[in-house]
Structure formats: C-alpha cells, structure tokens
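Colleague: Each chain is listed here by its residues.
4 protein chains.
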Amino acid sequence: MDKGRLEAFSDGVFAVAITLLALNLTVDGPGHGPLIHQLGRHWPQYAAYVVSFSTIGIIWVNHHSLLRTFAKTDRTLLFLNLLLLMVVVVFPFVTSTLATYLTAPSRDAHVAAALYSSAGLAMALAFSAIFRWSLKDDRLIEPVPPEMVRRATWRFTGGTLVYVVCIALSFVSAPAALVGNGLVDVYYVFEQTPLSLASGTTDEPGSPEDKRRRPP
Amino acid sequence: MDKGRLEAFSDGVFAVAITLLALNLTVDGPGHGPLIHQLGRHWPQYAAYVVSFSTIGIIWVNHHSLLRTFAKTDRTLLFLNLLLLMVVVVFPFVTSTLATYLTAPSRDAHVAAALYSSAGLAMALAFSAIFRWSLKDDRLIEPVPPEMVRRATWRFTGGTLVYVVCIALSFVSAPAALVGNGLVDVYYVFEQTPLSLASGTTDEPGSPEDKRRRPP
Amino acid sequence: MDKGRLEAFSDGVFAVAITLLALNLTVDGPGHGPLIHQLGRHWPQYAAYVVSFSTIGIIWVNHHSLLRTFAKTDRTLLFLNLLLLMVVVVFPFVTSTLATYLTAPSRDAHVAAALYSSAGLAMALAFSAIFRWSLKDDRLIEPVPPEMVRRATWRFTGGTLVYVVCIALSFVSAPAALVGNGLVDVYYVFEQTPLSLASGTTDEPGSPEDKRRRPP
Amino acid sequence: MDKGRLEAFSDGVFAVAITLLALNLTVDGPGHGPLIHQLGRHWPQYAAYVVSFSTIGIIWVNHHSLLRTFAKTDRTLLFLNLLLLMVVVVFPFVTSTLATYLTAPSRDAHVAAALYSSAGLAMALAFSAIFRWSLKDDRLIEPVPPEMVRRATWRFTGGTLVYVVCIALSFVSAPAALVGNGLVDVYYVFEQTPLSLASGTTDEPGSPEDKRRRPP
Chain A
1 MDKGRLEAFS DGVFAVAITL LALNLTVDGP GHGPLIHQLG RHWPQYAAYV
51 VSFSTIGIIW VNHHSLLRTF AKTDRTLLFL NLLLLMVVVV FPFVTSTLAT
101 YLTAPSRDAH VAAALYSSAG LAMALAFSAI FRWSLKDDRL IEPVPPEMVR
151 RATWRFTGGT LVYVVCIALS FVSAPAALVG NGLVDVYYVF EQTPLSLASG
201 TTDEPGSPED KRRRPP
Chain B
1 MDKGRLEAFS DGVFAVAITL LALNLTVDGP GHGPLIHQLG RHWPQYAAYV
51 VSFSTIGIIW VNHHSLLRTF AKTDRTLLFL NLLLLMVVVV FPFVTSTLAT
101 YLTAPSRDAH VAAALYSSAG LAMALAFSAI FRWSLKDDRL IEPVPPEMVR
151 RATWRFTGGT LVYVVCIALS FVSAPAALVG NGLVDVYYVF EQTPLSLASG
201 TTDEPGSPED KRRRPP
Chain C
1 MDKGRLEAFS DGVFAVAITL LALNLTVDGP GHGPLIHQLG RHWPQYAAYV
51 VSFSTIGIIW VNHHSLLRTF AKTDRTLLFL NLLLLMVVVV FPFVTSTLAT
101 YLTAPSRDAH VAAALYSSAG LAMALAFSAI FRWSLKDDRL IEPVPPEMVR
151 RATWRFTGGT LVYVVCIALS FVSAPAALVG NGLVDVYYVF EQTPLSLASG
201 TTDEPGSPED KRRRPP
Chain D
1 MDKGRLEAFS DGVFAVAITL LALNLTVDGP GHGPLIHQLG RHWPQYAAYV
51 VSFSTIGIIW VNHHSLLRTF AKTDRTLLFL NLLLLMVVVV FPFVTSTLAT
101 YLTAPSRDAH VAAALYSSAG LAMALAFSAI FRWSLKDDRL IEPVPPEMVR
151 RATWRFTGGT LVYVVCIALS FVSAPAALVG NGLVDVYYVF EQTPLSLASG
201 TTDEPGSPED KRRRPP
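Protein chains in written order, with this note's numbering: chain A, 1 to 216; chain B, 1 to 216; chain C, 1 to 216; chain D, 1 to 216.
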C-alpha cells in the first residue's frame, strides 16, 4: 500500500465527515415561530458545529503531519487508520446528539456530553496507537530523537487525560464539557507539537519534488 | 504540509458541500397536489441551488488559482483554510433556509436572505485573509508586483462590499438579495481577476511537468 | 489550472453524487407491513438506482476519456465543466422523484419521467459543449482527424436525440422512459466511442509515466 | 484510462459510502424516554455500523492491494469496477434496514439479514470478477505463479461460500448472521491473503518513486 492512496482515502473520509456536520444545522421551518427566534434557539447546533469542525480539522492536520514522517506502511497501520476513521465518522452523530440535548433536563444533557467527549477520547487513543506504531522497526523516514518521543508521548497522554476530564465534567455541566472540548482545539491551533517541530512540518518552502508534482 | 494534500482535502470538502446542495431539491410527494404544481411551487429551491452551486464552484476556481501561486504552506495557512472551509460547508444550510423562506411573509424572508448573504460575506473575508497571508515573507513562488496587489486588494474589497450591500438589500427584498448574490457569480465568471492575470492561470498549455503526471 | 485538480474535483463530485443515489433506497420501517412486501413495493427505487448509477458511472468514464486528450485548460473549460457537474448533482433528486412517481397515476408519472430524461439531455448537452470547446485552438494534445470529429459529433448528436425521444416517451409511459434511459447506458457500456478509439483510451499498458506515479 | 484516476474515483466512492453509514446512527430525540435508554435500545445500529464499516474498509484495502498489481486498465475493468462500487454504495441502505429490523418479529429480521448478507455476497462476486479479469492477457505487472492463483481462487471461493452460509443463517437468526458477517471481517484483518503475499503488499519501505511523489 503506498502512502499516497492511504492519505487520499483518509482525506476523503475526513472531508465527507466534516461536511456532514453541517447536516445538523437546521431550522424547524414555517409554523414554528419567527425564523430569527428559531435561529436563536438553535445556538447549541452552531456551537457544537464549530467545536466539531475544529476537532476534525485539527485531527486532519495532525494526521498529515504524522503520516508524512512515515517511511513505510503495513497492514497493521491500515487497520489502525481505519479504527481512527471509524471514530471520526461518528462525530456527526455525537455532535447532533449533543446539540439536541445540550439544553435538555440535566441527566440527558450529561449523557449527551459524556458521549461526545468519549468520541474525542476514542479519537485521541486511536491517534496515539498510530503514533506508537510508528516508533518501531525503522518505520520513520528519520528516527525521532528519544527526547522528542518523550515529549510527544507526554502531550498525547495529556490530550487523552483532558478528554477524560471532559467526560467527568459532562456530569457537572454539558455546556462546560463542550467548552472543554473547544479549548482542546484552541490549544492545538496555537501550540506547536514537538512532533511537528521534530519533523519540520511548518514553514517549509515547496521542495523541488513538490514543484515537480504541482507545476507553478 | 505539502500543498498537494491541502488541495486534495479542500477539493474534497468543496466537492461534498457542492453536492449536498442538491439534498435541498425535493418534492413533497404524492398527496400534495399534482407533481407539476409541486415543481412549480419549489422554484426558490432551484434558484437558490443554481446561485449557491455557482458560488461554491467559483470559490473553488479562485481557491485553486490562489494556491498555485504559493511557494510554501504553514500552520497559519492551514487554519485560515479550515476557516474558509467552515464557511463553505455552511452553504447547504443557508441555501436550504433561504429556499424555505424566500416566499414567506416578509420578516422571515428578510432574515433568511440576510443569513444567506452573511455566509457569502464570511466566505469573502476568509478568502481575503488567505490572500493577505500570501503577501508576506516570500510565500509566493513569484512576487506579485505592487500594482497587481493593489488591484487585487481593491477587487477583494469590492467583492466584500457587494456582500454587505446584499445583506442590506435582504431587508428590502429577499429575492433581490438572491439576485444580488447571483450577479456576483456572473461577474466572477466573465471577468478575469488581476490575480489570475498576474499568475498566468489561464490559457496555459499543459507544462512538461503536467504531462509527466498525467500521461497522454 | 492544471488538469489534475480539475479532474480531482470532478471525480469528487461524481463520487459523492453517485453515492448519494443510495439515499433514495429506503424502506418504510416497522408498522408498514412485512419487510418483504415493502422491498417488493419499492422496485422503482432499485430500478431507478441502477439506471442512474450507470448513467453517472458512464459519464465519469467518458469525462475521463475526453479530458485526457486535452493539452490545456482555461476558464471557459472550468465553467463548462461546472455546468456539467451542476447537472450531475441533480441526478439524486430527479432519480428520487421518478422512483416516487413511477407507479403513480399517469400524469404525475409522465412529468417525473420527463424531468428525469431532461436531466439526461442536459448532461448530454453540457458534455457536447466541452467536446466542442476542445476542438479549437490546439486544445488537444493530438489533433483529432476530421473524420473522427465527424463521427464523434454524430454520436453526440445521436445521444442527444435519444434523450429527446425519452422525453417524448415519458408522456406515453414512465417505465418505458426509464427503460429508454437504461438502454442508452447499455449502449455506451458495450460500444466503443470513436473518440475513445481515436485517443487510444483502451487496452493500453501502463505507460512509463504511469508507473512512475504509482510504484508497482 | 490511467489507473490513478480509477483509484481516485473508487477511493472517493468508498470514502463517501463508509461515511454515510454514520447517517444510520440516530437517537429518537426528546420525548422518547431518557437518552441513556434510547442509546441502549439502538445497539443494533452500533453493531451494524461497526460490521459494515469494517466490511467496506477491508474491501478498500483489498481493492488497493489488487489494483496495484495491474499493469493496465481497459473498459471491461472500468465497468467491473463500477459494478463493485454499485454494490458498495448499497451498504448504507442494507445496514440501516438490518439495524431497524434486527430485533423485530422473526420473519422481518430474517429478510433484513438475508438482504444484508446478499450485499456481502454480491460484493465478493464483483471483486472475484475483477480478480479473474486480471489473470488474462498480461494484465498484471508481474504474472502470479499458478500455485498462488489457485490459492487465491480458493480463498475467493471460500469467502463467497461464507456469505452463502450467512444468507442461510439469516433464516435461523438475524443476529447470528450479523455476527457471521463480522467474523468474515475479523478473518480478513488478521489473515494475509496469498494475493497480498504474492504481490508483496505489506511491510514495504517507501520506494524511491513513492518518495518522489510525497516529499519527506
């Protein structure tokens, strides 16, 4: 399996899943009060959309950063990647459920928020599994220095723990859990991962090979 | 992040979003009067579909024209691009809402048209942000002459202002606002942007590199 | 615009549109009689699905055969291609409408079949427009001999006329119009187009360039 | 037709179909009892989702393993591939139907499970047809040794027979048939196909050509 098709398929799934999030944006239609009030009432849909879009968008960025460091693929990676995608594809469902129940009587809201945060946790775990796979047997183009591995491992562990905290938070306040998930996104947008620093993901001019593929 | 995968993911999102527009095309089904009358009654769906399809199609063309001038990518670009896609993905929703309320009693129609035009404005602003990002620090393959930058900036500002006018127009007449959005599309189809002139986007024979990638 | 991204975007739209056809496959669910009877009653959905899937699949094959002969792209081609895609994306809607009304009282069935056949006609016309565009100004990698152009033109004209006949047939019998559309597909599966003969689309071993892109 | 675009289109269809599976994940919403009970009641949706996601994921892996051994494509392959995709696209429908009826009174559950297993059988047959196509006329980059062909043929026959058994099993117990389909997936995850052994699909470092396409 060449990496190109693995990335193409993953990109396709990411792109469809992120776009299906918008199917959760709805209004009730004529006969359900003024449109402006309907739009106002549906704020949980918009909030959940923005957080989930950011989450999938960031996991896509990180997925790419990680895969470009791989020297090879094998069946294990293919199936770990399918596991990650199986979780990503669930996001439109958990997002829709959270949006529906965010302002519901408390117990249902707690369950919906815990379900949502669990999807984040499952995604973090699947992503960590891919990262761990990559550390063995010359699977990376350039070996990552042990210090970098240690820091990246800490960060993955940290991310995983934050989702565990969000699950706990769900049983206190569903909106707080949604905010918690959103803060994870904000953190990833503004912080550089050691991994990306290690592999020089950023601010890199188009390489000659890149230009060969995409003529100017 | 190589540009290829950024484009592939963006193309995926554009392709899914543009296709989901068609989910708004519906008939009520048996028991709701003759089909021919149902089709006639639903003209706002078709009008909104054509305008939104054109808008996303044109932004896709412009997105490509712009990205092919970039010499490199960085995390800032990735997230600005996600911001643009977050707006693009919202189009099926605002299109559906506009189609539902276009012929509704006036206040709801105004709100729906203002919502629709606001999505156009948000898209124009996100696109401008990507354009501005590209002007700094040798991010372009070939620097754009200042005169071209000035003209392109004017055009982006112009496009943004037209959407502001469409929002204002929404509160006069929803169909007029839809026509306004459609006229923006017509303008972009028939006019060359200075940017595309500058980067020689058009009428260019397949380069040798292109042929190497796509065998004849 | 390099051809690669035009094809990638088009492929994305074709892939999403062809997959959305399956959203029309449904059963009514518990409480609407035995499942086996529901499946039997819904035969128009399956028939319409198979015909529309074949139609989009074939236009995708032909789209590719045509584009690979092009030496360059320009804005006109981009917008003609968007026009073609705008019609392709409408297929899930017209397919669903035809399936719903195929066995309805005659007038509605006639309208639904005429709508369906009109989408086929629009697709044929948009495709012809792209073909005609390609014949001017050295737009092809290798010029097509006049004899081939004449034969291809005849075939396009023929395909267009068949859809006109299907529209007429719709007002006699909706199922007959669906069969007519299906026969067009069967014809294209088993017959070689002069165009594809001309450009040597078939039975061609992977060229060295192809191997370079997809390592064995 | 170069293989690259055939793969890209197929990947697109696989990606959309696998993601649409998640549209079957739903809750009934407020007014239908506590959310936690709704989630519990809907376990057939989750079970069917996991099995179908795995099935499409695996067929995607196998599709890629197979296509990379092909030296050329022709119209026959294109249409056999469309046939395979036509079956893949049906999975969200049969999955949704099975999930709806899995716990229904027995006759409907049997029909839903037989429908589901038939889709698996149709997919296996379409895949075998593509495999058989590849064995003739120098269609492979490297000829597969007869012993490998024999073993691969046995395995394909075996997979086909297992689906026939699942269809029979459907009339005994729908959940057992779902488990049967899931076991086929588990088998394919953990076992190497002779085909993949023959073509060296696994554990292969990125070739120089691969690196040329995806700059490190």
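Be aware that one or more of the hints could be misleading.
As the list claims (entries may be wrong) - The following label-pair restraints were derived from C-beta to C-beta distances:
#, chain 1, residue 1, chain 2, residue 2, range
1, C, Leu-39, B, Gly-31, 21 to 27 angstroms
2, C, Leu-39, B, Gly-158, 28 to 34 angstroms
3, A, Thr-76, C, Arg-107, 57 to 63 angstroms
4, B, Thr-103, C, Thr-103, 29 to 35 angstroms
By construction, these hints were calculated from the structure, which means they are not laboratory data. Glycine included, every Cβ here is placed at the ideal spot set by N, Cα and C.
Colleague: The structure should be examined with respect to each hint, and the outcome stated for every one.
Modeller: Comparing the hints with the structure gives:
A C-beta distance of roughly 22 angstroms is found between Leu-39 of chain C and Gly-31 of chain B, which places it inside the suggested range of 21 to 27 angstroms. Between Leu-39 of chain C and Gly-158 of chain B the beta carbons are some 56 angstroms apart, a value that contradicts the proposed interval 28 to 34 angstroms. A beta carbon spacing of about 60 angstroms between Thr-76 of chain A and Arg-107 of chain C agrees with the range 57 to 63 angstroms that was offered as a hint. As the Cβ distance of Thr-103 of chain B to Thr-103 of chain C is approximately 31 angstroms, the hint placing it in 29 to 35 angstroms holds.
The structure fails to meet hint 2 from the earlier list, while all remaining hints are met.
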